[in-house]
Amino acid sequence: MTETTARTRNATDVLLPPATIGAMMAALYLIFVVVPTDAFQGPVQRIFYVHMAMWLATFTAFGLVALASLMYLWRRAPEWDRRGRAAAELGLLFCTLGLTTGSIWAKPIWGTWWTWDPRLTLTLILWMIYAAYLLLRSLTTDPDQGASLAAILGVSGLLDLYLINRAVYWWRGIHPAVLVQRQGGSGLADPLMRVTLVVCMLAFFLLFLWLLRLRIGAARLQDTVEHLREQLTASA
Amino acid sequence: MHDAFLIAAYAVVWLGVLVYVTSLARRSRSLEREVRELRELLARRPPP
Chain A
49 MTETTARTRN ATDVLLPPAT IGAMMAALYL IFVVVPTDAF QGPVQRIFYV HMAMWLATFT
109 AFGLVALASL MYLWRRAPEW DRRGRAAAEL GLLFCTLGLT TGSIWAKPIW GTWWTWDPRL
169 TLTLILWMIY AAYLLLRSLT TDPDQGASLA AILGVSGLLD LYLINRAVYW WRGIHPAVLV
229 QRQGGSGLAD PLMRVTLVVC MLAFFLLFLW LLRLRIGAAR LQDTVEHLRE QLTASA
Chain S
12 MHDAFLIAAY AVVWLGVLVY VTSLARRSRS LEREVRELRE LLARRPPP
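Protein sequences, first through last, are from chains A and S.
Count the first sequence with my numbering and you get residues 49 to 284, in order.
Count the second sequence with my numbering and you get residues 12 to 59, in order.
It is possible that part of the hints are untrue.
What the simulated footprint calls covered on chain S by chain A, stretch by stretch (three residues with Cβ under 8 angstroms from a Cβ of chain A suffice, anywhere in the stretch; the number is not a length) [what the hints assert, rightly or not]:
#: 1; stretch: 25-31
#: 2; stretch: 37-43
#: 3; stretch: 47-54
A short list of chain A residues far from chain S (calculated; beta carbon distances all over 12 angstroms) [stated by the list, open to error]:
#: 4; residue: A74
#: 5; residue: L76
#: 6; residue: L115
#: 7; residue: P166
#: 8; residue: Q193
#: 9; residue: Y210
#: 10; residue: P239
#: 11; residue: A284
No lab work stands behind these hints: they were computed from the structure.
We treat Cβ as the ideally placed atom computed from N, Cα and C, and that holds for glycine.
With the sequences and hints as input, model every part of the structure.
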């Protein structure tokens, strides 16, 4: 690692926590104090800001898994495997929270907790793909084989990410596409709503980056433990 | 009534993040302790 890289890492570690907390406070203030209540959906529309932020973190995380998987399959470097593992775990956390907040929003608005809308179904499949990725890692006895198989699964998740993005245009389900069109006069009509959404997405994106760094650190420790155990067995 | 859904959604998010952060911190602490113990064990071993 070069001196400049190490300095950048230290600066990021110092700046990321206060930046995340500051952005989070600003997001909560905007959501609960500043932004106007949606005329059609009422206060429940405020769930939307955090729900969208979950998806930004989820898609970034799973995009990173795919990138790290490709790099691992190409270079076979353990660092790429660690990054993939860390991003998959966080992606699954944010995907679970995204599905849950969506379900809580759907009950008063659609009258049901869940519906087999194309985008929702594809998102559930996405959750299953990355749950399988993590399960595969924990079930395989050969770490290299587990990493390679999981990497193939990690890359294949990209297809589902693309389908989720196109689902609202191709299959016309009931899931709204609020960022690109206003449906039934709703959506992000007020400029303050758009500002709030951007701040909320930034706050959760920073939280994702912070947690990712911590999780990669834990993955490095795990690898060190395994390396030390091998050394102990060899010297016994 | 709709306020209950709003509160539930934000509670789920913060509870989820809190549980994850707590479990990650616990895992990291346990791994750090294990690294320390394994290094001590290796240091005590006579060289081959």
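Hints the structure violates: just list their numbers, smallest first.
Going through the list in order, the structure violates hints 5 and 11 and respects the others.
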